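Turn these sequences into a full structure, and let the hints guide you.
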Amino acid sequence: MMDRPVDERPAAGVDGDLPADEPQAGAGMVVAPVLVAGQAAGGRRRPGGRSGFRPALAGAFAGLSAVGVKELRGRMRGRRAFVILTVYLVLLGAFAWMMELILEQQYARGAAGSAAIASAQIGRGVFGALMMLETLLVVALAPAFTAGAISLEREKQTLDMLVTTPISSVAIVIAKLFSALTYLFILILASIPLTALVFVFGGVAPDDVVRGYAVLLATAIGLGAVGLFFSALMKRTQAATIATYFGVLFVTLGAFFVFFFWNEMSTAGNGRGIGPIKGRPPEALAWLNPYFAQADVMCGVEDGFGDWCGRVAFVSQRPVFGGIAPFPTVEPGGQPAIEPGFPDVGVVGGEVQPFGVVRDSFWPKSAIAWLGLAAVLIVASVQLVTPTRRWRPSRLFGRRSTRRAVS
15 MMDRPVDERP AAGVDGDLPA DEPQAGAGMV VAPVLVAGQA AGGRRRPGGR SGFRPALAGA
75 FAGLSAVGVK ELRGRMRGRR AFVILTVYLV LLGAFAWMME LILEQQYARG AAGSAAIASA
135 QIGRGVFGAL MMLETLLVVA LAPAFTAGAI SLEREKQTLD MLVTTPISSV AIVIAKLFSA
195 LTYLFILILA SIPLTALVFV FGGVAPDDVV RGYAVLLATA IGLGAVGLFF SALMKRTQAA
255 TIATYFGVLF VTLGAFFVFF FWNEMSTAGN GRGIGPIKGR PPEALAWLNP YFAQADVMCG
315 VEDGFGDWCG RVAFVSQRPV FGGIAPFPTV EPGGQPAIEP GFPDVGVVGG EVQPFGVVRD
375 SFWPKSAIAW LGLAAVLIVA SVQLVTPTRR WRPSRLFGRR STRRAVS
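Taking our numbering, the leading residue of the sequence shown gets 15, the next gets one more, and so forth.
Source of the hints: derived by calculation from the structure; they are not laboratory data.
Keep in mind it's a predicted model, so treat the numbers as computed, not measured.
In the EDC-like style, the derived pairs of lysine to aspartate or glutamate whose C-alpha atoms are separated by at most 16 Å in a straight line are:
no., residue 1, residue 2
1, 249, 167
2, 249, 174
3, 292, 278
Below is the structure:
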């Protein structure tokens, strides 16, 4: 009699159709994929039922890399990205060369002094022109790169599929932001060799270049977060792009216009102000204007209190050079303070800056303001992307109305 072959399959369950350790039809078929997804995102679970911090952190970085690599492959595929980078560097180099020629001609016509002084002035001028052009580039491109990061996924009907993966909403939003800004970062960093040519002329130190590019990177992250927020808020990319640029105009030019209006109204009537508008406008209104931040960087490379320092002193509480303040100092009686020797001038007084120029008094505040705004908008974008978000306004007001009805 032949032996019966041993069946190595696991013992059957109650019905005898499926193994005991395989999920049965019904609710178990829904729970199993969720458990697998949770283990994929957070690693192996501990015996106590809680996943560790390191596996969760590793899962978050895995989600960031997955979305980031996918976005970068889409953006850097083909020749277009490299052709744009090459043309950009050629145009930027031509701009720097033309600025150098213009400054040489201006110095040859009207300036006098040694060649070393002329060379330093040319270096400062080229550096300032490049920083302002790079700032304009960041303000124009950073919102455009992120305004469609999430709305395009919604238009393609792939956002719901993306949020159901083991990747967290935080990882999706952060990866979308930095993958969209990576090409802009490449454009910014590729200009460093051209900017370093100002070292040949003198007048600019390496730490000045570091300050200028720190402002550019912080501004790019902040403006990119603005575009990402409107992309998560709106369903269509076109509407998100329009709203993004209106938001950028509001936080940059709009805030500065409020500052300028406040200043004009507060200094009217010999410093008494008009109506309730009195006192100096808050400096924070200009923190999100990247041009004043770059002006603060350029103020540090000037000889004494020059034009760049004057622009920064207009919006900040910076000590002034030589005792000339950009705003009148009002005495308790309501009249502007007049220093001896200046009988017809009310815009005098203020804190005297006797030893050179105070630097780094404005641009660090601007960079921190942009990064803080980016953090707030990233949190808001995560709430908009998450399907089961807790901070939904309808839920909040619904709970309040329910409580009022019960009471």
